[in-house]
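Protein chains: 2
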Amino acid sequence: MAIQNKSDGRYFLLDANQIVKKISNREISCESLVRSCFERIEARDHVVKAWSQLNKSSAIKESKKLDKVQKRQLLHGLPIGWKDIIDCKGYITTCGSSIYKNNLALINAAPVSMSIRSGAMVLGKTVTTEFATSFPGATTNPHNPLHTPGGSSSGSAAAVADFMVPVAVGTQTGGSVIRPASFCGIVGFKPSFNTISRYGVKQVSDSLDTLGTFSRNVKDTALLLAGLTGRKEYFDISKIKPLKIAICRTENWNLAEKMMIDSIYLASHLFSKNGINIKEINLPDVFKSLDSAHHDIEYYELSRALQHEYLTTPNLLSEAIKMRIVTGQQIKLSQYHLASELTQTCKEVIKEKIFSKFDLLITPSALGVAPKGLTSTGDATFNRIWSSMGVPCITLPGFTGSDNLPLGIQLIGPMRGDVEVLSKALWVEKLLKKSL
Amino acid sequence: MAIQNKSDGRYFLLDANQIVKKISNREISCESLVRSCFERIEARDHVVKAWSQLNKSSAIKESKKLDKVQKRQLLHGLPIGWKDIIDCKGYITTCGSSIYKNNLALINAAPVSMSIRSGAMVLGKTVTTEFATSFPGATTNPHNPLHTPGGSSSGSAAAVADFMVPVAVGTQTGGSVIRPASFCGIVGFKPSFNTISRYGVKQVSDSLDTLGTFSRNVKDTALLLAGLTGRKEYFDISKIKPLKIAICRTENWNLAEKMMIDSIYLASHLFSKNGINIKEINLPDVFKSLDSAHHDIEYYELSRALQHEYLTTPNLLSEAIKMRIVTGQQIKLSQYHLASELTQTCKEVIKEKIFSKFDLLITPSALGVAPKGLTSTGDATFNRIWSSMGVPCITLPGFTGSDNLPLGIQLIGPMRGDVEVLSKALWVEKLLKKSL
Numbered sequence: 002m003a004i005q006n007k008s009d010g011r012y013f014l015l016d017a018n019q020i021v022k023k024i025s026n027r028e029i030s031c032e033s034l035v036r037s038c039f040e041r042i043e044a045r046d047h048v049v050k051a052w053s054q055l056n057k058s059s060a061i062k063e064s065k066k067l068d069k070v071q072k073r074q075l076l077h078g079l080p081i082g083w084k085d086i087i088d089c090k091g092y093i094t095t096c097g098s099s100i101y102k103n104n105l106a107l108i109n110a111a112p113v114s115m116s117i118r119s120g121a122m123v124l125g126k127t128v129t130t131e132f133a134t135s136f137p138g139a140t141t142n143p144h145n146p147l148h149t150p151g152g153s154s155s156g157s158a159a160a161v162a163d164f165m166v167p168v169a170v171g172t173q174t175g176g177s178v179i180r181p182a183s184f185c186g187i188v189g190f191k192p193s194f195n196t197i198s199r200y201g202v203k204q205v206s207d208s209l210d211t212l213g214t215f216s217r218n219v220k221d222t223a224l225l226l227a228g229l230t231g232r233k234e235y236f237d238i239s240k241i242k243p244l245k246i247a248i249c250r251t252e253n254w255n256l257a258e259k260m261m262i263d264s265i266y267l268a269s270h271l272f273s274k275n276g277i278n279i280k281e282i283n284l285p286d287v288f289k290s291l292d293s294a295h296h297d298i299e300y301y302e303l304s305r306a307l308q309h310e311y312l313t314t315p316n317l318l319s320e321a322i323k324m325r326i327v328t329g330q331q332i333k334l335s336q337y338h339l340a341s342e343l344t345q346t347c348k349e350v351i352k353e354k355i356f357s358k359f360d361l362l363i364t365p366s367a368l369g370v371a372p373k374g375l376t377s378t379g380d381a382t383f384n385r386i387w388s389s390m391g392v393p394c395i396t397l398p399g400f401t402g403s404d405n406l407p408l409g410i411q412l413i414g415p416m417r418g419d420v421e422v423l424s425k426a427l428w429v430e431k432l433l434k435k436s437l
Numbered sequence: 002m003a004i005q006n007k008s009d010g011r012y013f014l015l016d017a018n019q020i021v022k023k024i025s026n027r028e029i030s031c032e033s034l035v036r037s038c039f040e041r042i043e044a045r046d047h048v049v050k051a052w053s054q055l056n057k058s059s060a061i062k063e064s065k066k067l068d069k070v071q072k073r074q075l076l077h078g079l080p081i082g083w084k085d086i087i088d089c090k091g092y093i094t095t096c097g098s099s100i101y102k103n104n105l106a107l108i109n110a111a112p113v114s115m116s117i118r119s120g121a122m123v124l125g126k127t128v129t130t131e132f133a134t135s136f137p138g139a140t141t142n143p144h145n146p147l148h149t150p151g152g153s154s155s156g157s158a159a160a161v162a163d164f165m166v167p168v169a170v171g172t173q174t175g176g177s178v179i180r181p182a183s184f185c186g187i188v189g190f191k192p193s194f195n196t197i198s199r200y201g202v203k204q205v206s207d208s209l210d211t212l213g214t215f216s217r218n219v220k221d222t223a224l225l226l227a228g229l230t231g232r233k234e235y236f237d238i239s240k241i242k243p244l245k246i247a248i249c250r251t252e253n254w255n256l257a258e259k260m261m262i263d264s265i266y267l268a269s270h271l272f273s274k275n276g277i278n279i280k281e282i283n284l285p286d287v288f289k290s291l292d293s294a295h296h297d298i299e300y301y302e303l304s305r306a307l308q309h310e311y312l313t314t315p316n317l318l319s320e321a322i323k324m325r326i327v328t329g330q331q332i333k334l335s336q337y338h339l340a341s342e343l344t345q346t347c348k349e350v351i352k353e354k355i356f357s358k359f360d361l362l363i364t365p366s367a368l369g370v371a372p373k374g375l376t377s378t379g380d381a382t383f384n385r386i387w388s389s390m391g392v393p394c395i396t397l398p399g400f401t402g403s404d405n406l407p408l409g410i411q412l413i414g415p416m417r418g419d420v421e422v423l424s425k426a427l428w429v430e431k432l433l434k435k436s437l
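As you go down the protein sequences, you meet chains A and B in turn. What the first sequence shows, in my numbering, is residues 2 to 437, in sequence order. What the second sequence shows, in my numbering, is residues 2 to 437, in sequence order.
It is worth saying that the hints were derived from the structure and are not from the lab. Hints may be right or wrong, so weigh each one.
[Said to hold, decoys possible] From the structure, some residues in chain A lie toward chain B, with a derived Cβ separation under 8 Å:
#, residue
1, Arg11
2, Asp207
3, Glu234
4, Gln308
5, His309
6, His338
7, Arg417
Yeah, the Cβ is synthetic: ideal placement off N, Cα and C, and Gly gets one too.
Pulled out of the complex, with its shape left as it was, chain A reads as follows (with noise of 0.2 Å):
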């Protein structure tokens, strides 16, 4: 990434929180730092390929309304990138698709306009797959071209890790927030279901979707959540240690690479050494249909979201977009109510039989590290039954796979429990940076 030590104007290494007290201190202006992170896209973007639409000059524009704003908000001056499926009014919100190449967004989407009102600018339209699903765009991975940055919420992830933007927004349907991070080798969050708004987002499944963040440590991405959601709840966090902690074997345990599953083992040996009690545990046995749980909900929500697109100019949509398509039309009423309620079932199960019993849980935040290649993504095994589960779940960097790349551990806490997990990923984070 040819990152070295940070010099004089080269504001772009800053993170969220240096920024915004920077910008309040009036240490640097918006306007220069966001020259500093258009300076760093326009040395960078040409291989990480992260945006899919930047407005320089509108940029700056923005920057420089910004520094004349006497009064300081929470986010104040910090440039954000959003996944494109994502209203930015002015941009046009393409959901990585050729049907929307004009497709200009007229109003901001809720939590774009959040953000604003908590003093935060648009950087630009960040790289999304297809509608948010498998077919990739683009973007290479910052560490290595060759590989994936993982997805949905590529050009999110990969623009965070090369240091074009502090923090950038996505979404998760099954991976494509804590996937991206783990193989960016950043913090990628996916709060609790419905914590950051989702109007104004191009949908794949109702019951699924879920705004998350990418930011560079723990610190920023609560100080984004609560300028996403108005909430200072969660920016107020300070370092909590957890007490009980439980490895969490999923299914499919088996396939995840071996240097992943030794970093688990090795974060979980930390936590030991420091006194946090640690136990091994398997889900209960009505987690295994879970996956198909969520095939089913997904995929039959995604046929009627995607229904317009479908019927109007099915040419312009991927093979695999149409077979998801086609798969849930055909899914029947009832198989979709029962895999609704199998996940209300775990929900119900998860918080009463585990998080009665541990503070956090720990697994994998993808098989292992970014593949090669850019015609997949990558595998959402490790991510799909905790986006239907609608719990916080955090991905921390720090580890390291094959061909010297990023490795994350997820952190996964209960329902609405997003302020005790941030709390407790501070304390993780500091332990991992000191130990690693």
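Model the placement of chain B on the given structure of chain A, informed by the hints.
Chain B in isolation, oriented as in the chain A frame:
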């Protein structure tokens, strides 16, 4: 309403099932039906004001196209009225606000696409209150123009009641489907949460917004629901006699008008006479706070959903909605979480304690008849908790209250029990028609 007997060519009097049958059998053309609907609209809408936007030439063109299609789908040729917060391609989605007077929809909302896939067509857009909240539109009650039609789906209810369109679609966050249907004397159905896709619909509250239907009989409700979801299971129902029905006394029972309570007991007496087991119940104590939880969730989520409008054009918002946004912004995260958790608890309690013992609940659809005056669309006291529960609710007409205005009774079933609720409502509808 000045409807006498159906004479030749007065196709607007036909119900949805008759329409699709006659169109399928080539007894009538889609075009002649649409022309007949427009005749009725031209005769009546200057009083009822149910429509916010109509495009007669485009609708007739569409009907001619459908006449040429050989293969007949489930809803072939059926004209539908769409609440004006739902995107219909080529129509302006005003959301009942001057902010969106030029807001041309470029794509169809998912439920509109699903209906088109089933062969239906858009007749026009129906009047909504401002952003489907409280500030009323111009619509009057078809039974008496001095009375409200109810809201927020005012135009959808009034247009169907006044025979201007056989069926229409609306949304309910508090009581915006069941109440106007009751006030206008027709069948209103709020299915289980997330039964009809919400994608492309202006959002009030992500946790509560539910699309629902208006029709003049239960079988039409089932037909429309099957078309909107692409699942014929909703239509393939036959009458089922309920075994056990509970009269459900909720908070604020004492606010209901005498003639509403009389109607509930009259219906219960009829059920009892027909061998149905009737019991009167109070909801468990945990439900006492549910109405306030509904308030917190609705306002918290509305304040982010409408943040763009609040930031950019506050002067074009009513004072009523601005007050809601400000109130919502001040709700603490912990209060929102408590409200969400209470709602979840109530969902589990109603499933385990109530619907394990009863097929259906019967409760008022509204306080009473449509109140006089057009400055308020009435009170949603008897609807909000059921919106929170996400359970299917249907209001059936047939009763009369003060001022000779219609009254509806509300039947409620368990989550995802929509097929059974419709089957039982079919039985109840027949009983009421025979007995009242």
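Against the structure, the hints come out as follows:
{"no.": "1", "hint": "Arg11", "in the structure": "33 Å, violated"}
{"no.": "2", "hint": "Asp207", "in the structure": "6 Å, holds"}
{"no.": "3", "hint": "Glu234", "in the structure": "4 Å, holds"}
{"no.": "4", "hint": "Gln308", "in the structure": "4 Å, holds"}
{"no.": "5", "hint": "His309", "in the structure": "4 Å, holds"}
{"no.": "6", "hint": "His338", "in the structure": "5 Å, holds"}
{"no.": "7", "hint": "Arg417", "in the structure": "5 Å, holds"}
The structure fails hint 1 only (numbered hints given earlier).
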